[in-house]
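J.: Since each chain sits alone in its own frame, please combine them into the complex, following the hints.
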Amino acid sequence: MENYQEILESGRLEQYALGELDPAARAEVEAQASRYPEVRQELDALLAGLDVYAEAHALTPPAGMRERVLGRVLAEIKSPAALAAPVAEVPTMRVSASNPHVASPSVAPVAAPAARRSGWAIAASVALLLSLVGNALLYTNLQQTRSDLAVALGEQTPFANAT
Amino acid sequence: MPDEPLISIPTAAEAALVSRLRARDETAMTEFYDRYSAALYGVIQRIVKAEDEAEDVLQEALVKIWHAIESYDPSKGRLFTWVVNISRNLAIDKIRSRQHRVSSRTQGLDDSLAAQRQAAPATFRPEHVGLQEITKQLVPEQRQVIDLLYFGGFTQSEAAEELNLPLGTVKTRARTALKVLAKLIR
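Those protein sequence lines, which keep their order, are chains A and B.
Add 44 to the 1-based position in the first sequence for my numbering, that's all there is to it.
Add 1 to the 1-based position in the second sequence for my numbering, that's all there is to it.
Chain B extracted, bound-state conformation (with noise of 0.2 Å):
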């Protein structure tokens, strides 16, 4: 378990896992959760918050999954990429639907700023890319662009006008953070 590498990373077993999967395999679901739950959960978690709702995004996600493993095409993108986007849109759906987009807004960006002076919390697995190593790597203008988008639900022009910032200025942070990102992996 120590040095398992990223998950994110494909492998022969995660293309076994899509095979049975595709086969309707429902053990392999089990599987799936014990390879995938944790990586999805953080996501969902961050962006809806309440527990109880991310429990219900993760489960919604999972039938999604299951669902729509015909439709995954490896050539597009790994699968990590696809069940990722999966989940934080569910949870996008959920933050909406519920209208709570005000007040998520302005708790997203409390949440996003203290984070970013906080030590990463025991349940990060530190032997994956952390989020130590991340921070080190983005500075806080970056991180906090990055964290609406991807965390926030919000296009480039929402959150520009969030941050009252030129729609260029976020367009860069956006872009040269992910550039940064790209390169923990290269």
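Chain A on its own, in the form it takes in the complex (with noise of 0.2 Å):
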């Protein structure tokens, strides 16, 4: 299919902009986009159209989320300790909303500042042991994040193919 109007018609442009192409079926688009000018423009006003739906949606944060996020944010980046640090983990084991009553989503993101602390405590005394161990546990967070995301792209590579 290296006729531009067919790559045009075959709706590989929507998946690609939709995020429903594994990274092979990416690339191919991605080639195509450069091969053919025709292309690059149709793919980026795709992309912009979803573009402007996304800022359509724009939500301001809830005040004071600011400032937690920011501030979370900010002490992963700044210490590959703080980084490593199994306790960052925590706030994604809250209950499922879809289950808000089972328990207090709160216990997560109270307990884990006070952990942080005392992790940085630790980190000032044994610095050199916690770089070592924490660059074993960003290795290990980094193949498991690859191998969920092949995981993820193998669930989703049958329903690209089947289109």
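Just so you know, the hints here were simulated from the structure itself, not pulled from any lab data.
A few of these clues could be false.
Mimicking EDC-like on lysine to aspartate or glutamate, the simulated pairs with C-alpha atoms at most 16 Å apart in a straight line are [as the list claims (entries may be wrong)]:
#: 1; chain 1: B; residue 1: Lys184; chain 2: A; residue 2: Asp88
#: 2; chain 1: B; residue 1: Lys77; chain 2: A; residue 2: Glu74
#: 3; chain 1: B; residue 1: Lys180; chain 2: A; residue 2: Glu53
#: 4; chain 1: A; residue 1: Lys122; chain 2: B; residue 2: Asp26
Not the full set, but computed from the structure, chain B residues with beta-carbon under 10 Å of chain A [said to hold, decoys possible]:
#: 5; residue: Tyr34
#: 6; residue: Gln46
#: 7; residue: Tyr151
#: 8; residue: Ser158
#: 9; residue: Leu179
By construction, the Cβ of each residue, glycine as well, lies at the ideal position given by its N, Cα and C atoms.
T.: Take a look at the structure:
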């Protein structure tokens, strides 16, 4: 399908814009976009359209969220030890939104900063050791993220190919 | 602020911000937050629904953006597209990992249909291309499809199944809707 009209009508550009394609198919679309200006233009227009849709749903985060989120983000990105600390994962372990009555969702965020503070104290005294452990944890997390990504992509592939 | 252009449109300020993030300038994250948090939070909240989960995902997205900024390639697309997709993917991962996909499907449908009949809440910034303007341009059937695909994390095949429509119909609606949206800023 090396005719740009066919590419435009294939529906692949829409799938690309919506994030339905696996990395190989994405790369193929990107290659086509760099070969044909018409494809590039159409793809950019589709992506811009979705950007507008996203921005139309803009919602100012509730009061207090800026300080909490920025505080945690800066703490995570400032120090490899803080980044590697397992407590950083705690907030993701909260109760499901579909079962809000099962447990108090406020437990995890309260516990996390305290745990992180003691983490800092430990980090100060055994910084070298922590950095070694931290690197190992980081590496493990990275591998896990990669395998999660591979699984997620694997799950999407049948749908992308079926269309 | 009222005359601020769409933040999805790239600017010199955006390029400077990317340079600072690449230079590992942590203060750039604060500026990034102030510029993009409303857009990212809007998308995230729309997908995960619960406010505490949306906060977690926003935080995860910012950390991921910080670590992945080197891989952002301006020649492949705008920064806005890239950061929204990171946030959107994390939010979709979140609802999938919770296995509350089934309940959120129904919820998402009710929500999107109801949303189409309501005026935009005050938190939407009226100076930007607003939901009302988009509602005027898209017919409800098109919005329903786009909402499932964009905020529900459905593939076009899954959306067809969900809506009991032929795949071709879903593809046509999605395509037409995307073209209409693209024209809004042309």
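J.: Hint by hint, say whether it matches the structure.
T.: Taking the hints in turn, this is what the structure says about them:
About 12 Å separates the Cα atoms of Lys184/B and Asp88/A, which keeps this hinted pair within 16 Å; it holds. For the hint pairing Lys77/B with Glu74/A, the CA-to-CA distance comes to about 8 Å; that is within 16 Å, so the pair holds. For the proposed pair Lys180/B and Glu53/A, the alpha carbon gap of about 13 Å is at most 16 Å, so the pair holds. Under the criterion of a C-alpha separation no larger than 16 Å, the hint pairing Lys122/A with Asp26/B is consistent with the structure, at around 10 Å.
Given hint, Tyr34/B at the interface with chain A, holds; its Cβ is 6 Å from that chain's nearest Cβ, closer than 10 Å. Here the hint on Gln46/B is kept, as its CB sits about 6 Å from the closest CB of chain A, short of 10 Å. Of the supplied interface hints, the one on Tyr151/B holds, with its beta-carbon coming within about 7 Å of a beta-carbon of chain A, less than 10 Å. Using the Cβ-Cβ criterion of 10 Å, the hint placing Ser158/B at the interface with chain A is satisfied: the shortest such distance is roughly 5 Å.
Restraint check, Leu179/B versus chain A: the minimum CB separation of about 5 Å is within 10 Å; hint holds.
Figure legend: structure checked against the earlier numbered hints; every hint is met.
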